[in-house]
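Single-letter residue listing:
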Amino acid sequence: MTRPSLALFAIGLIVVMGSVGCKKSTSPSTLKPTALAVALVESSGGKQIGATGAVLSQPIVVQANDEQGNAVPGALVELSGPAGVSFDPSAGLTDSSGQFTTNVALGGMAGRYQITATTLTKTQTKVELKLEEIALGYQAQVGHQLDEKYCVRCHDPESTPERVSNYDNLETKPHAFTDGNTLNQMTDADLTAIIGHGGPALNKSALMPPYGYTLNKTDMQALIAYIRLVSDPLYQGSGMVYVQK
Amino acid sequence: MWRALFGDPVRAFGVVSLLLLISLAIAPAKNYFSEWRHYQNQYLSLIRSRGDAVTLQRHLQGGIQQIWLPDLGVVDRCTTCHVGLKEPSLADVSTQPFRRHPVIPHKLDEFGCVVCHRGQGAATTVEEAHRSTLAWEQPILPARYIESSCGQCHRGALAGTPQLNLGRTLLARYGCVHCHTVKLPDGGTMRATDDPPSLSHIADMTTREWIYAWLRDPQAYAVSATMPNFRLSDPDTRDISAFLIANSTPMPGDTASLPPASKAPPDPTAAASLYGESFCASCHAVQNAAGNVVGGDVGPELTRVGNKVRPEWLQAWLRNPRGYDAETAMPHYRLNDQQVTLLSDYLEGKTDSDLLANVHLESATPEQIAHGKTLVAEYGCAACHEISGIKKPENFAPELTRIGSKPITQLIFLPGMSHTLPDYISAKIREPRSFGTALKMPQFSFAPAEVDALTTALLSLTDRSQSLPRALTVPSPQSSSYEPAGKAGKLMADLACFSCHAINGRGGDMAPDLTWEGSAVQRPWLQAFLKNPNTLRPALIRRMPRFNLSDSDINELTDYIMTVYQKPDVDRDSMPASGYPATQVEQGKQLFYAKYACQSCHIVDTKTDKGYIGPTLTQVGSRLNAAWIYNWLKNPQSLRPGAIEPNFNMSDDDARALTAFLMMQRNSGKQEAKK
Chain A
42 MTRPSLALFA IGLIVVMGSV GCKKSTSPST LKPTALAVAL VESSGGKQIG
92 ATGAVLSQPI VVQANDEQGN AVPGALVELS GPAGVSFDPS AGLTDSSGQF
142 TTNVALGGMA GRYQITATTL TKTQTKVELK LEEIALGYQA QVGHQLDEKY
192 CVRCHDPEST PERVSNYDNL ETKPHAFTDG NTLNQMTDAD LTAIIGHGGP
242 ALNKSALMPP YGYTLNKTDM QALIAYIRLV SDPLYQGSGM VYVQK
Chain B
1152 MWRALFGDPV RAFGVVSLLL LISLAIAPAK NYFSEWRHYQ NQYLSLIRSR
1202 GDAVTLQRHL QGGIQQIWLP DLGVVDRCTT CHVGLKEPSL ADVSTQPFRR
1252 HPVIPHKLDE FGCVVCHRGQ GAATTVEEAH RSTLAWEQPI LPARYIESSC
1302 GQCHRGALAG TPQLNLGRTL LARYGCVHCH TVKLPDGGTM RATDDPPSLS
1352 HIADMTTREW IYAWLRDPQA YAVSATMPNF RLSDPDTRDI SAFLIANSTP
1402 MPGDTASLPP ASKAPPDPTA AASLYGESFC ASCHAVQNAA GNVVGGDVGP
1452 ELTRVGNKVR PEWLQAWLRN PRGYDAETAM PHYRLNDQQV TLLSDYLEGK
1502 TDSDLLANVH LESATPEQIA HGKTLVAEYG CAACHEISGI KKPENFAPEL
1552 TRIGSKPITQ LIFLPGMSHT LPDYISAKIR EPRSFGTALK MPQFSFAPAE
1602 VDALTTALLS LTDRSQSLPR ALTVPSPQSS SYEPAGKAGK LMADLACFSC
1652 HAINGRGGDM APDLTWEGSA VQRPWLQAFL KNPNTLRPAL IRRMPRFNLS
1702 DSDINELTDY IMTVYQKPDV DRDSMPASGY PATQVEQGKQ LFYAKYACQS
1752 CHIVDTKTDK GYIGPTLTQV GSRLNAAWIY NWLKNPQSLR PGAIEPNFNM
1802 SDDDARALTA FLMMQRNSGK QEAKK
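Order-wise, the sequence lines are chains A and B. Position 158, counted from 1, in the first sequence is what this note's numbering calls 199; the numbers after and before it change by one each time, with no gaps. Position 431, counted from 1, in the second sequence is what this note's numbering calls 1582; the numbers after and before it change by one each time, with no gaps.
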């Protein structure tokens, strides 16, 4: 029972390690910025769910802006992350539309990874932009697949043309798996009960059907590992108290 | 000095003894100061301050540890230093070598370490175990390619290895295996899924100018094209296009000529709605204004199809695609002349004025054509495409059956590249010609994640994967070559049912599996559906198109489906279609709405229910067989493996009551629609 919760404590640590294990693969000194920005904003690529060690499917794109919020081409952007994270490239100048694009491979440990993009302003101070990415290990990966197959259509309010969400059609609204404020209150046993026996097992809506005769124990553990990994705010397992002692 | 030490016998004896003692002490000292002992001591001080130190210490066995698995050829001493692999309470430890192993479906004692991670299992120092020092050949596999190891034993797709699955799909979809042979351990070879068109009759379909533009840059015509860029020079492109046109013969029997152009004012809305109603977009994509490619990937992208195909060819194709390509995945829509003209005008209008603007070709000389033929043979075009007069080259490119175990001494690296096999493979995929401009391998346009996926799939092709005992491998599901028989079988081939539906293990996954369709549905409903398919699932954008079938064709198909696609253990006559007592129906209604809350996914009453996931059930009583509904409620996965409706472990009484309630759902609107 404590296994997934403990894993999540490790995740917290990875985030902390961000400041320790910075890795610079290309020397930024060879790049000379032709312009300076005052702010960095995310264009795309944050909050992706990838796999441990793998390249994220979308690149990270950040934009350098000036005081008026206009894009600045030629500003030097550097990226850094916790140990094991690699960037291709790790530093570069923003293009003509003021954007810098880089491909990111996450480290070998499952968890949340905080990526920091920095640029220097005119006053030689550093401005930072923090992005978070999630690396799934094998177990959470399996959970992710199960989520895609059985759960998202109701638990994710986002609709796409390919996958219309059923969220709006439900009288009692399900909780998104990222809804940490609610799901973090539930123990692994609670989650196992509600997945296995449906909503009524915890006096909740019968609209949540039981999956205990469809999924096996390993599947449910994988699903819980996944839910714990993507919850926002981060899930702090009860096990950590014991570890810290 | 010599005299001082060995001057007299006694002294010499003493010195020699001392030397002997020292030399005897070397081995124990080496052992004492060994790297692994250092790590074990470090581990002890790491766990000392923890709450469960006693338990952890009890689990720790000192000395050199070894996992020995003769079946797999594994002698792994990794656990000598990696002492905390099996300790769940070490989840917060991130320093190596003391991390806990993440949860995987295998036991370390049964598989060892090197089967997945590679490296030298027998080594007891970090350098020797992890890197290619000395004469070792196997460095540790970087985590980003770790899924390749699963692929050594698991030949089919696995839920936990999306990267490996993607890589294998890409190898087949981008036709890598047309040129590179990949022999599978079970005796077969990996098959491509891209189905490149025959070029023997290409002049019927398109112009030399289009071929020229396509060869220069296939992705300029269609961003989703799987054909790679061969980086041809202008003269070479000119000559190849000249050869392909000169070599093309008219399709026998394909005497399609345009009916005298009845230039009625084209109706753009009617054409677009015919394109939509025919669900062309289920298989064909079009790039929208925002640059996104929207639609299916079974057929080619149609964004600029007007630049490519000749109107007379397109009309013949729309009339019956099997006339030009007997094996095409495109169904034979029974379109009337007016519809054919409408669609072909609409598609011919999809052009990009820039594409052919700068292509000006003078008529080809015999030398150019001959040179074109040489180039076509040199670049191995016939490895993928059928070209009359050119034989498909055998083993055109290096075989990749054991590429994952290729010794790095046999590789030629580029300056500045790190000398590892994964880096070599991914560099080759990313930019093949960087290894030499004379190389023939073309340039693909893969995203970085796709390059990693392909590398992962290739790294799984190891010596071990070839030599594993059969009992230790998990084979991929057998591909089926099922062919329906008789007239109905011919009809199903003509309609390309298998492009979307699977039956008995063969076919696509876009539409429902029809293996037991005869047990599931009622005959009148099936007939009406084939005549005019109406959707059962409101949220789907991919739907069954209308093929304009004749009544006799519909009867033929219905007869075949109702008699052949029967599940033996579902007795269609075991439950009546109607006549259920009102109390049972009422009980079923209660169960539907309260106990099982089926309305979360299904709609029975369009006024109150909104569920959007399962099929609409408003007319289920005239669509499905009662015994099928009952069996489905008892265990959906037994009827359709992988169905997402959960198994409720329903009692027989509940299932019977629900069946009664559902069989009452016959909408009178249905009857009207049929008329």
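For the record, the hints were derived by calculation from the structure and aren't laboratory data. Each hint should be verified, as a subset may be incorrect.
[Unchecked claim] Pairwise CB distance ranges, derived in the manner of DEER restraints:
1) 246(A) <-> 1623(B): 42 to 48 Å
2) 1308(B) <-> 223(A): 29 to 35 Å
3) 1688(B) <-> 237(A): 26 to 32 Å
4) 163(A) <-> 1278(B): 44 to 50 Å
5) 1508(B) <-> 163(A): 57 to 63 Å
6) 138(A) <-> 1686(B): 27 to 33 Å
7) 1737(B) <-> 102(A): 40 to 46 Å
8) 242(A) <-> 1212(B): 31 to 37 Å
9) 237(A) <-> 1192(B): 51 to 57 Å
10) 1347(B) <-> 169(A): 47 to 53 Å
11) 138(A) <-> 1567(B): 26 to 32 Å
12) 163(A) <-> 1688(B): 53 to 59 Å
[To be verified] Here are some chain A residues the structure puts well away from chain B; computed CB gaps all over 12 Å:
13) 150
14) 224
15) 255
Treat the numbers as computed from the prediction; the structure is a model and nothing was measured. We treat Cβ as the ideally placed atom computed from N, Cα and C, and that holds for glycine.
Taking the hints in turn, this is what the structure says about them:
1. Checked against the hint of 42 to 48 Å, the pair residue 246(A) and residue 1623(B) passes, with Cβ atoms roughly 46 Å apart.
2. The given range of 29 to 35 Å is respected by residue 1308(B) and residue 223(A), whose C-beta atoms sit roughly 34 Å from each other.
3. For residue 1688(B) paired with residue 237(A), a C-beta distance near 27 Å keeps the hint of 26 to 32 Å intact.
4. In this structure, residue 163(A) and residue 1278(B) meet the distance hint of 44 to 50 Å, their C-beta atoms being roughly 48 Å apart.
5. Distance hint check for residue 1508(B) and residue 163(A): the Cβ-Cβ separation is about 46 Å, which falls outside the suggested range of 57 to 63 Å.
6. Separated by about 42 Å at the C-beta atoms, residue 138(A) and residue 1686(B) break the suggested range of 27 to 33 Å.
7. Between residue 1737(B) and residue 102(A) the Cβ separation comes to about 59 Å, which falls outside the hinted range of 40 to 46 Å.
8. Under the hint 31 to 37 Å, the C-beta atoms of residue 242(A) and residue 1212(B), about 43 Å apart, miss the expected range.
9. Range check, residue 237(A) to residue 1192(B): about 45 Å between beta-carbon atoms, so the 51 to 57 Å window is missed.
10. Take residue 1347(B) and residue 169(A): their Cβ atoms lie about 50 Å apart, and the range 47 to 53 Å holds.
11. Distance hint check for residue 138(A) and residue 1567(B): the Cβ-Cβ separation is about 31 Å, which falls inside the suggested range of 26 to 32 Å.
12. In this structure, residue 163(A) and residue 1688(B) meet the distance hint of 53 to 59 Å, their C-beta atoms being roughly 58 Å apart.
13. Annotated as non-interface, residue 150(A) brings its C-beta within 12 Å of a C-beta of chain B; the closest such distance is 6 Å.
14. Chain B leaves residue 224(A) outside its interface by the beta-carbon criterion, the shortest separation being 19 Å against a cut-off of 12 Å.
15. Non-interface call for residue 255(A) relative to chain B: violated, since the shortest CB-CB distance, roughly 4 Å, does not exceed 12 Å.
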